[in-house]
Amino acid sequence: MNLLPLLNPLNPALTLTILVAGGIAGALGIALGLGGGIFLVPFLTLALGFPLKSAAAISLATVIATSSAVSARRAGSHLINLRLGMVLEVATTAGSLLGGITAQFVAESTLQRLFGLVAIAVALAMVARINRRNVIADPDADSGRLGGRFYEAESGGVVSYRVKRLPLALVGSFVAGNVSSLLGIGGGIIKVPLLNAWCGVPLRAAAATSALMIGVTAAGGAVIYYGHGDLSPMLAAPAVLGVQLGSWAGTHLTNQTPVKWLKVLMAVLLLVVAVLMFVRSVR
Amino acid sequence: MNRLEQHIGTVLRVGTIASSALFAIGLLLVLGHVAGELPRVLLTVALIVLIATPPMRVVISVIEYVRERDWTFVVLTLIVLLALAGSVVAARF
Chain U
1 MNLLPLLNPL NPALTLTILV AGGIAGALGI ALGLGGGIFL VPFLTLALGF PLKSAAAISL
61 ATVIATSSAV SARRAGSHLI NLRLGMVLEV ATTAGSLLGG ITAQFVAEST LQRLFGLVAI
121 AVALAMVARI NRRNVIADPD ADSGRLGGRF YEAESGGVVS YRVKRLPLAL VGSFVAGNVS
181 SLLGIGGGII KVPLLNAWCG VPLRAAAATS ALMIGVTAAG GAVIYYGHGD LSPMLAAPAV
241 LGVQLGSWAG THLTNQTPVK WLKVLMAVLL LVVAVLMFVR SVR
Chain L
1 MNRLEQHIGT VLRVGTIASS ALFAIGLLLV LGHVAGELPR VLLTVALIVL IATPPMRVVI
61 SVIEYVRERD WTFVVLTLIV LLALAGSVVA ARF
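Going down the list, the protein sequences come from chains U and L. All residue numbers for the first sequence refer to this note's numbering, where the first residue is 1 and numbers rise by one. All residue numbers for the second sequence refer to this note's numbering, where the first residue is 1 and numbers rise by one.
Okay, chain U solo, but in the shape it has when bound:
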């Protein structure tokens, strides 16, 4: 990896490029309810020529930053289901440990193909996002040991929900943790639709709980990359700051942006990313 001349001394143009890319990825991530990683990783590898491993490592640092910032803001809203989160984290951190270890042995081309497949899956999920409501309008309904209740602005009252099919949620979380470490994405794209569509968790609670979980999950992966010298603080700095600024700006923009056409646009972009990843993997 001939990144060394770029790293030392740090090239200001490269720093600025990563900062801006992080900002765009962070803003898009907030607007679409995804992490920014699915956009940042392909940018770093396809546009800047980083090896996938260092792109994934840098992206994991931004995943941690987003998770901490967003969850700090949400703490107290009861949207985060702490108990469910802690249970599922057992699976995500185990998956992330395994993913971080395998990433050290897997060929670059295999990672690229895997990223391509995940990008296609994300694109399809984004277009066909299931928006089923799982809430029980009665705040006194028994929500079970892992369920929860929160104030929902749309219905103007406290709603509650029960968690169903926990084993399925655990398997999905393990896979999400694994993919997160291997490819540098948060993994919310796997957990949120799963928790929402099959496990009875309302979309906003699923998203908030997943956002909390991805911090710990990504930390497990990031440590492994850092230990192997694939996570440079010099490159993580502009990416993290960019994503923080971008997601801050994104929260102020989402209210006016028509998310529907944005989703279609991003789905098309992800399919292009997938094709580029496949093309690169056979070269």
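Just so you know, not all the hints are guaranteed correct.
[Unchecked claim] According to the in silico footprint, chain U covers these stretches of chain L (three or more CB under 8 Å from chain U):
1. 11-23
2. 40-52
3. 56-69
4. 75-82
[Unchecked claim] Pairwise CB distance ranges, derived in the manner of DEER restraints:
5. U/Thr102 x L/Thr10: 16 to 22 Å
6. L/Ala35 x U/Gly229: 20 to 26 Å
7. U/Tyr151 x L/Glu37: 38 to 44 Å
8. U/Ala128 x L/Leu81: 34 to 40 Å
9. L/Glu37 x U/Trp198: 33 to 39 Å
10. L/Phe93 x U/Gly156: 35 to 41 Å
11. L/Leu81 x U/Leu124: 32 to 38 Å
12. U/Ala197 x L/Val89: 32 to 38 Å
13. L/Arg3 x U/Pro12: 41 to 47 Å
14. L/Leu78 x U/Leu166: 17 to 23 Å
15. U/Leu166 x L/Val66: 22 to 28 Å
16. U/Leu166 x L/Glu37: 46 to 52 Å
Just so you know, the hints here were simulated from the structure itself, not pulled from any lab data. All C-beta atoms, glycine included, are put in the ideal place defined by N, C-alpha and C.
Starting from the known structure of chain U, fit chain L onto it as the hints suggest.
Leaving out everything else, chain L in the frame of chain U:
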């Protein structure tokens, strides 16, 4: 609001602000061509604070669950910490 949620919120907020501030200062020093080890040290500390923040949140949870005598969740959160410790070990090989 639930006490645990409040503590978690504080840990995450402090970790986010500290790491972002250190990243920003370190980066400005690098771009301002400040000589010596300081910029590099600041950026490394920033990264470590960033990565350590979510695990700190789990540590706080273990303590709170012990206080509540909720042993199921004490065990679950300890398993999460064990997996994270596994990552630290894997980082060295």
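Hints, one by one, checked against the model:
no., hint, result
1, 11-23, "holds (count 7)"
2, 40-52, "holds (count 8)"
3, 56-69, "holds (count 3)"
4, 75-82, "holds (count 4)"
5, U/Thr102 x L/Thr10: 16 to 22 Å, "35 Å, violated"
6, L/Ala35 x U/Gly229: 20 to 26 Å, "24 Å, holds"
7, U/Tyr151 x L/Glu37: 38 to 44 Å, "50 Å, violated"
8, U/Ala128 x L/Leu81: 34 to 40 Å, "38 Å, holds"
9, L/Glu37 x U/Trp198: 33 to 39 Å, "52 Å, violated"
10, L/Phe93 x U/Gly156: 35 to 41 Å, "55 Å, violated"
11, L/Leu81 x U/Leu124: 32 to 38 Å, "36 Å, holds"
12, U/Ala197 x L/Val89: 32 to 38 Å, "36 Å, holds"
13, L/Arg3 x U/Pro12: 41 to 47 Å, "46 Å, holds"
14, L/Leu78 x U/Leu166: 17 to 23 Å, "19 Å, holds"
15, U/Leu166 x L/Val66: 22 to 28 Å, "24 Å, holds"
16, U/Leu166 x L/Glu37: 46 to 52 Å, "49 Å, holds"
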